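Listed below, chain by chain, are the residues.
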Amino acid sequence: MPMRSIWRTLDRGLARDIGLVCLADSVVGLSYGAISVGGGLPLWVPILLSIVVFAGASQFLFVGIVAAGGSPIAAMAAGLLVNTRHIAFGLAVSDVIGSGWRRWPGSHLMTDENVAFAMGQDELKQRRAAYWAGGIGIFVCWNIGVVIGGLAGSVITDTDVFGLDAAFPAVLLALVLPALRDRSTRTAALAGVVIALIATPFLPAGLPVLLALAGMLFYRAGKPALEDAQNE
Amino acid sequence: MNNTPLVLVAIGVLAVGTFSMRIAGPALRSRFEMPERAQQFLAAAAIVLLTALVATSALTEGHGPAGIARPAGVLFGGILAWRKAPFVLVVVAAAATAAGLRLLGVP
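Heads up: the sequence lines are chains Z and V, in that order.
1 is the number of the first residue of the first sequence in the working numbering; add one for each residue after it.
233 is the number of the first residue of the second sequence in the working numbering; add one for each residue after it.
Calculated from the structure, these hints are not laboratory results.
Keep in mind the model is a prediction, meaning the values are calculated, not measured.
A few of these clues could be false.
[To be verified] In silico lysine to any residue, SDA-like type, Cα no more than 20 Å apart, as pairs: (1) K316/V with L180/Z; (2) K316/V with L14/Z; (3) K125/Z with S99/Z; (4) K125/Z with D95/Z; (5) K316/V with D11/Z; (6) K316/V with P178/Z.
[To be verified] Under 8 Å between C-beta atoms, here's a sample of chain V residues computed to sit facing chain Z: (7) A259; (8) A277; (9) L291; (10) H295; (11) V322.
Cβ coordinates follow ideal geometry from the N, Cα and C atoms, glycine included.
Assemble the whole structure, with the sequences as input and the hints as a guide.
Given below as structure tokens:
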């Protein structure tokens with residue numbers, strides 16, 4: 001989808017919502033850059049990770065382990081584990097990303113936020129616009145934030161003060177709520193939540209969320225629209 | 233940090249591995265025509281993952297609980313979202329609630 005077409009399809013409200021998430025991501029990027037450099041890592045480490053990996057949770061984990069003197073291989077393994085959820089995201093949004101060469105940049109731009117934005121739209125055209133605008137916006141804002149945070153050092157290291165740690169789950173929650181109005185999806189999601197929460201104390205980061213997919217055992221697909229209407 | 237080559241290799245493998253996981257779905261689905269039911273199933277699976285991510289990131293920190301301020305903020309944002317408040321309000325209210333509670337000394 002050409003850029004012009006993305007901007008034409010996005011309505012103003014959605015563009016504003018995406019802009020807000022980009023802004024919040026850039027502040028988290030500031031803290032990530034600052035924490036990395038403050039922890040004794042050279043500036044190129046957080047910046048390179050942000051460009052070539054571009055997955056916030058795994059980047060925090062990576063720099064946290066390496067800055068604490070841990071093995072880079074362990075940091076890499078932990079990062080890969082946290083990022084496994086992208087396999088499921090990729091299966092869900094592949095038609096949103098598009099075909100041909102677009103799959104390459106489109107896949108790299110996959111984040112929790114723009115996947116959630118895309119799933120929240122009704123029509124394929126809007127899904128595409130939300131996914132691409134969100135992905136490009138977050139990529140640009142995140143990387144700018146990381147560079148500034150890394151250069152400025154200890155300006156913002158604790159985004160909890162601003163409540164950003166609560167803002168991100170709230171963003172995703174607001175975006176998945178419409179999909180949770182479907183009863184079957186909701187049952188599966190709630191089962192997944194229980195599984196993930198039970199597993200969290202015992203398993204390394206990333207694995208509990210992946211285990212939540214077992215909640216799909218409770219999913220019953222494809223009820224006809226008529227039957228759904230009668231159940232309302 | 234005194235092992236630059238090893239860090240570079242680790243970043244490289246993490247980047248290639250992450251990209252492979254991201255492109256696996258699009259690459260696979262360009263070869264097969266996915267039936268409608270399978271597409272519904274995959275969309276629901278993504279929602280299940282995102283919901284679990286909401287729960288774990290709202291309620292847990294590392295292997296333990298995340299305190300009170302953060303879950304309270306997410307809960308307030310969630311209620312506003314459920315009542316169909318504007319997205320901006322949801323996000324700002326969640327952050328402000330958590331930040332405000334922390335100012336008051338709530339963990």
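Evaluation of the provided hints:
1. Our distance criterion of 20 Å between C-alpha atoms is met by K316/V and L180/Z, whose separation comes to about 14 Å.
2. Of the pairs offered as hints, the one joining K316/V and L14/Z holds, with about 14 Å between alpha carbons and a cut-off of 20 Å not exceeded.
3. For a cut-off of 20 Å, the pair hint linking K125/Z to S99/Z stands: about 14 Å separates their Cα positions.
4. For the suggested pair K125/Z and D95/Z, the alpha carbons sit about 10 Å apart, so the restraint of at most 20 Å is met.
5. Among the hinted pairs, K316/V with D11/Z is consistent with the structure: their alpha-carbon atoms are about 18 Å apart, no more than 20 Å.
6. Pair hint K316/V plus P178/Z holds up; C-alpha atoms about 10 Å apart against a cutoff of 20 Å.
7. About 7 Å separates the beta-carbon of A259/V from the nearest beta-carbon of chain Z, less than 8 Å, and the hint is met.
8. For the restraint placing A277/V at the interface with chain Z, the shortest Cβ-Cβ distance is roughly 5 Å, inside the 8 Å limit, so the hint holds.
9. Checking L291/V against chain Z: minimum C-beta separation of about 7 Å stays under 8 Å; hint holds.
10. The beta carbon of H295/V comes within 5 Å of a beta carbon in chain Z, closer than 8 Å, and the hint placing it at the interface holds.
11. Of the supplied interface hints, the one on V322/V holds, with its beta-carbon coming within about 5 Å of a beta-carbon of chain Z, less than 8 Å.
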